[in-house]
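Participant: Spelled out from the first residue to the last, the chains are:
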Amino acid sequence: MRGRFNEQLTELNNNLIEMGALIEKAIAQATEALERRDAEVARSVMENDDLIDSKEKEIEARCLNLLLRQQPVAHDLSQVSAILKMITDMERIGDHAADISALCLGLSGQEYIMKSESIPKMATATIRMVTGSIDAFVNRDVAGAKAIKECDALVNALFLVAKKELIALVREEAANGEWAFDLWQIAKYYERIGDHAVNIAEWVIFAITGQHKNRQIF
Amino acid sequence: MRARIRRDMALLTAASITLVAVALCLIFYRQFAMTLQAEIKARAEMFREMNAAQLMAAWSAQPVFVPNDMRMTLIAPDGTALYDNTVIAKTLDNHADRAEIRRARAVGFGASSRYSDTLRRQTSYFAVRLPDGCILRAAKTSDSIFALFGRALPPVAAVITLLAIIGHIAADRLTSRIVEPLNAMRLDGEIIPPYDELTPLARAITEQRERIAGQLTALAERTATINVIMDNMDEGALLVSRQGTIVAANPSIGTIFALSQPVIGNNILTLLREPHLAELTRRALAGHRHEATLKRQEREYRIYFSPVLGGGAALLFLDTTESGRAERLRREFSANVSHELKTPLTSISGYAEILAEGLARPGDQAKFLAKIKDESARLLALIDDILLLSRLDEDRGGGDFTETDIAAIAAKTAAVLAEKAEAAGVSLRCAGQEPMPIPGKPSLLAELFFNLLENAIKYNRPGGEVEVTFRRDDHDRRVTVVVRDTGIGIPQAAWERVFERFYRVDTSRAKKTGGTGLGLAIAKHIVLIHHGEISLTSRVGEGTSVTLMFPGWTTKLLTPAPVTAPAIGR
Numbered sequence: 001m002r003g004r005f006n007e008q009l010t011e012l013n014n015n016l017i018e019m020g021a022l023i024e025k026a027i028a029q030a031t032e033a034l035e036r037r038d039a040e041v042a043r044s045v046m047e048n049d050d051l052i053d054s055k056e057k058e059i060e061a062r063c064l065n066l067l068l069r070q071q072p073v074a075h076d077l078s079q080v081s082a083i084l085k086m087i088t089d090m091e092r093i094g095d096h097a098a099d100i101s102a103l104c105l106g107l108s109g110q111e112y113i114m115k116s117e118s119i120p121k122m123a124t125a126t127i128r129m130v131t132g133s134i135d136a137f138v139n140r141d142v143a144g145a146k147a148i149k150e151c152d153a154l155v156n157a158l159f160l161v162a163k164k165e166l167i168a169l170v171r172e173e174a175a176n177g178e179w180a181f182d183l184w185q186i187a188k189y190y191e192r193i194g195d196h197a198v199n200i201a202e203w204v205i206f207a208i209t210g211q212h213k214n215r216q217i218f
Numbered sequence: 219m220r221a222r223i224r225r226d227m228a229l230l231t232a233a234s235i236t237l238v239a240v241a242l243c244l245i246f247y248r249q250f251a252m253t254l255q256a257e258i259k260a261r262a263e264m265f266r267e268m269n270a271a272q273l274m275a276a277w278s279a280q281p282v283f284v285p286n287d288m289r290m291t292l293i294a295p296d297g298t299a300l301y302d303n304t305v306i307a308k309t310l311d312n313h314a315d316r317a318e319i320r321r322a323r324a325v326g327f328g329a330s331s332r333y334s335d336t337l338r339r340q341t342s343y344f345a346v347r348l349p350d351g352c353i354l355r356a357a358k359t360s361d362s363i364f365a366l367f368g369r370a371l372p373p374v375a376a377v378i379t380l381l382a383i384i385g386h387i388a389a390d391r392l393t394s395r396i397v398e399p400l401n402a403m404r405l406d407g408e409i410i411p412p413y414d415e416l417t418p419l420a421r422a423i424t425e426q427r428e429r430i431a432g433q434l435t436a437l438a439e440r441t442a443t444i445n446v447i448m449d450n451m452d453e454g455a456l457l458v459s460r461q462g463t464i465v466a467a468n469p470s471i472g473t474i475f476a477l478s479q480p481v482i483g484n485n486i487l488t489l490l491r492e493p494h495l496a497e498l499t500r501r502a503l504a505g506h507r508h509e510a511t512l513k514r515q516e517r518e519y520r521i522y523f524s525p526v527l528g529g530g531a532a533l534l535f536l537d538t539t540e541s542g543r544a545e546r547l548r549r550e551f552s553a554n555v556s557h558e559l560k561t562p563l564t565s566i567s568g569y570a571e572i573l574a575e576g577l578a579r580p581g582d583q584a585k586f587l588a589k590i591k592d593e594s595a596r597l598l599a600l601i602d603d604i605l606l607l608s609r610l611d612e613d614r615g616g617g618d619f620t621e622t623d624i625a626a627i628a629a630k631t632a633a634v635l636a637e638k639a640e641a642a643g644v645s646l647r648c649a650g651q652e653p654m655p656i657p658g659k660p661s662l663l664a665e666l667f668f669n670l671l672e673n674a675i676k677y678n679r680p681g682g683e684v685e686v687t688f689r690r691d692d693h694d695r696r697v698t699v700v701v702r703d704t705g706i707g708i709p710q711a712a713w714e715r716v717f718e719r720f721y722r723v724d725t726s727r728a729k730k731t732g733g734t735g736l737g738l739a740i741a742k743h744i745v746l747i748h749h750g751e752i753s754l755t756s757r758v759g760e761g762t763s764v765t766l767m768f769p770g771w772t773t774k775l776l777t778p779a780p781v782t783a784p785a786i787g788r
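Going down the list, the sequences are from chains R and D. With the numbering used here, the residue at position 159 of the first sequence is 159, and numbering never jumps. Every number in the numbering used here is 218 more than the matching position in the second sequence, counting from 1.
These are computed hints drawn from the structure, not numbers from a lab. A few of these clues could be false.
Below, in silico cross-link-like pairs of lysine to aspartate or glutamate (EDC-like), each with a Cα-Cα straight-line distance of 20 Å or less [as the list claims (entries may be wrong)]: (1) R:K188 / R:D95; (2) D:K513 / R:E32; (3) R:K85 / R:E117; (4) D:K638 / D:E672; (5) D:K513 / R:D135; (6) R:K163 / R:D99; (7) R:K121 / D:E714; (8) R:K188 / R:E165; (9) D:K513 / R:E18; (10) D:K358 / D:D302; (11) R:K85 / R:D141; (12) D:K638 / D:E683.
DEER-style ranges, computed between Cβ atoms [claimed, not checked]: (13) D:L437 / R:E60: 42 to 50 Å; (14) R:L67 / D:T539: 45 to 53 Å; (15) D:L437 / R:E18: 37 to 45 Å; (16) D:T539 / R:K164: 37 to 45 Å.
Every residue gets a Cβ at the ideal spot worked out from N, C-alpha and C, and that includes glycine.
Just chain R, with the same shape it has in the complex:
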């Protein structure tokens, strides 16, 4: 019984890593679409979002199955519940990557990206955060997960800088307003992705230590 449970838990872990890899790819490609103004890549990100959604459903079903049939307790329970929480954030990251790609399609052909310095920086930082949170899960690395939170402060600061940059651009030339709003939304999506990465990192810490946001739960 125990052996079967461990086997299922390992499988669940592998599934989560796979889903993590999918969202990493999604956000990296969305950023590529944004920077290179590549409509092809943007479309493929939007198509792949279904894959992420179905992966979430699959993992969710596995988690519930484990909870109901094996009734895990203590550390095992914290593992399964952490995974159940993480996939929600992962799925949201996938959605935001698709949202960014959708906005990119509307922007393609514009000389927009050169005008904002902070958005590409935000993209790089959030990609690092997402990868870092999944790495922390893979390597059971509490220190790595904690570092993600530090990174979020940078993304939040860049978000404010981006806002100022875009306001200045609109002030300079009113016609810029059209794409500046889109870019503003994109910046917001990156900021959200950063927040979701922090959530994932917090659940990683919970899965390892049983502490969530410095509160001992298990």
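Using the hints provided, position chain D relative to the given structure of chain R.
Facilitator: Relative to the frame of chain R, chain D by itself:
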């Protein structure tokens, strides 16, 4: 084993004693029954000649004659009991259907035997027909065979218990005698069998021990060899089980993935989670070969996914960062070469076409022809340089080094270039008459000085100077050569890049000076082949110093040094 021997022994004892007891009982009982039968038969036959009436009269008159050790019954031909010496005859049932009576009536005598109401006792009967048709029956009751068994049981049980105890002790002794020498047998040294029956076993063990030792040694050697290979190869090697678990990983894997903890036992996804790589791993596990590229920590790897016989997959990681860079540089170089070759050819064919079409004014013809001559010279120089470079790439100049005096070579080269220097208004000086021997190839070193001095003259100003100085380290005999000029100088950002092929500080100037852009690349290549170093310092508008350093003459450095592509900045 001891318990089993004990149990078997006890069972054997109990079984044999029981069997013997049963057999004895049967034999004794049979004997006893036969004797009894004979006795009652003899008694019955004694009265055979008498009538019933006579017998009854005699027994009534003389009760003493009635046998008192057995039952005698007189029965009328119709089966009614007439007389019985133990019970009152009238109370008896009709005996006509009794087996012995029926038989006696038919053939004159009859015998039978019946159990009483319990099985414990048995009665034997013998009946004879008297002359008057009445039947005289004698009967005697004795213990039945079951009673006999019942009586024999306690002593038999006692014997069994006794023998079981004795058997137990004996079995214990026996097993001890068999087992203890076996236990005491030492299997590490030479095996001495405690009794002869064990000699074949001892021999078999010895043989097998030798065989196992041999196989273990072979296995250990093979393992050690594989470990040495795995541990020392730069390529990362991973072995993945059918379930995707990492079974083996060499130290290079740790370097490639910057691992802080062992990965054996983890799923391969913990290392390669990128969707397309995870897919290739799955395909390799399903038996297909694949290759892919992986970027980790600023380096580039080629991954070879191969299925392993009997399930699982092997992943080999080859670092292709250098070869990838070399390949890119090679492509750049080819593109540059074509471009550089095309430029003079375009001019040549352009001017030639104008001349051929007769479009040139007579006054310009000489100028055009001079241009064609200059451009062809540039083309030739370029081709020469490219050929030299490819020769350096191919065989590093060919052949081994000999003791070469570079001061003499520099002086000779300076003499060749003296005329050119004079034409440019530059004074060329080669200091030092002392020989400076290094291991080298004179033709390549002459080429080196030609390139350096030609540059120093070409990029100089009228009235400027070029000076070559030598210094030999007394301690390690290293030779340092400095070629200093008072030319236009090179901005600091370009100090490194001037050694790259086709790099030019000022592209507009290149046309004027007619350089190929390969001079310093060739110079650096030659220096590196000679185990030397080359560096450059310069101030714009003041001049440039190129410093060369060579190891002093020694027979240890007679082969040209290998030069990698990135080292010469291709």
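Participant: Hint by hint, say whether it matches the structure.
Facilitator: The hints, checked one at a time:
1. For a cut-off of 20 Å, the pair hint linking R:K188 to R:D95 stands: about 13 Å separates their Cα positions.
2. A C-alpha spacing of about 16 Å is found between D:K513 and R:E32, which places the hinted pair at or below 20 Å, so the restraint holds.
3. Distance restraint check for R:K85 and R:E117: the Cα-Cα separation of roughly 34 Å exceeds the 20 Å cut-off, and the hinted pair is therefore not satisfied.
4. Proposed proximity of D:K638 and D:E672 is supported: the alpha carbons are some 8 Å apart, at most 20 Å.
5. Note on D:K513 and R:D135: the hinted pairing holds, with a Cα-Cα distance of about 16 Å set against a maximum of 20 Å.
6. For the hint pairing R:K163 with R:D99, the CA-to-CA distance comes to about 19 Å; that is within 20 Å, so the pair holds.
7. At most 20 Å may separate the alpha-carbon atoms for a hinted pair to count; R:K121 and D:E714 exceed this at roughly 31 Å.
8. Simply put, R:K188 and R:E165 have alpha-carbon atoms about 14 Å apart, close enough for the 20 Å limit, and the pair holds.
9. Between D:K513 and R:E18 the alpha-carbon distance is near 18 Å, which keeps this suggested pair within the 20 Å criterion.
10. Annotation: proposed proximity of D:K358 to D:D302 holds, straight-line Cα distance about 13 Å (limit 20 Å).
11. Annotation: proposed proximity of R:K85 to R:D141 holds, straight-line Cα distance about 18 Å (limit 20 Å).
12. Distance check on the hinted pair: D:K638 and D:E683 sit about 13 Å apart at the alpha-carbon level, within 20 Å; holds.
13. Distance hint check: the CB atoms of D:L437 and R:E60 are about 49 Å apart, consistent with the given range 42 to 50 Å.
14. Checked against the given bound of 45 to 53 Å, the beta carbons of R:L67 and D:T539, roughly 47 Å apart, stay inside it.
15. For D:L437 and R:E18, the hinted distance range of 37 to 45 Å is satisfied, since their beta carbons lie about 38 Å from each other.
16. Judged by the Cβ atoms, the range 37 to 45 Å given for D:T539 and R:K164 holds: they are separated by roughly 40 Å.
The structure is inconsistent with the numbered hints 3, 7, although it conforms to all the rest.
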